[in-house]
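Going down the list, the protein sequences come from chains D and X.
The numbering of the first sequence is the numbering used here, which starts it at 1 and goes up by one.
The numbering of the second sequence is the numbering used here, which starts it at 1001 and goes up by one.
It should be emphasised that the hints constitute simulated quantities derived from the structure, not laboratory data.
Take these hints with a grain of salt, some might be off.
As the list claims (entries may be wrong) - Here are the simulated DSS-like cross-link-like pairs (lysine-lysine), alpha carbons at most 30 angstroms apart as the crow flies:
#, chain 1, residue 1, chain 2, residue 2
1, X, 1065, D, 42
2, D, 2, D, 102
3, X, 1065, D, 102
4, D, 102, X, 1007
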Amino acid sequence: QKEVEQNSGPLSVPEGAIASLNCTYSDRGSQSFFWYRQYSGKSPELIMSIYSNGDKEDGRFTAQLNKASQYVSLLIRDSQPSDSATYLCAVNPGGYALNFGKGTSLLVTP
Amino acid sequence: SAVISQKPSRDICQRGTSLTIQCQVDSQVTMMFWYRQQPGQSLTLIATANQGSEATYESGFVIDKFPISRPNLTFSTLTVSNMSPEDSSIYLCSVVAAGKTTDTQYFGPGTRLTVL
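Full structure from sequences and hints, please.
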């Protein structure tokens, strides 16, 4: 079973703070990693992809990958109330199918 | 990214009936997929919709229950057959746009299905 694990939360952070979302995966051969944002009642929206160890920055978002530890994280700087959503971690263990975690609920409080 | 639409956006159906969900993309895409998201759960891949041939189903999903068609590069349908309350879920199509890596998937708005 290829598992993708996330803390369900909710993770509550004050506006302007850094939100840190974490994800672990079981398939050591996985090569591609994604973060999706899903607002309540909406479909997932791709916000970050990462393929190599290290950090990848895009605006207020930074994805971090550590393949040795089988760990992916997403940092959101200067969190805004509009960032309140569920964040899904997705892993491609090979081929085209994505394995999704159950998501972490983030609440940014004004 | 491609603009993806799904019809219907939501439906309430009776047990034992079938519902066909449509997914339309505004540009040609290389791959199309169908996912299910049950209440409080994450996304589970049902199948890959193959143009002009039978879909490729994931473990636990069968063609008799979830027949899929993809007559061209921009359109696919998923039918949920002989429905039961356990089929109540959000059904999502996703696509890989031409020129993108095969694992970069974008999702349609979803179809919220309730089975009574």
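So, going through the hints one by one against the coordinates:
| no. | hint | in the structure |
| --- | --- | --- |
| 1 | X/1065 - D/42 | holds, 25 angstroms |
| 2 | D/2 - D/102 | holds, 13 angstroms |
| 3 | X/1065 - D/102 | holds, 25 angstroms |
| 4 | D/102 - X/1007 | holds, 25 angstroms |
Violated hints for the displayed structure: none, as all numbered hints are satisfied.
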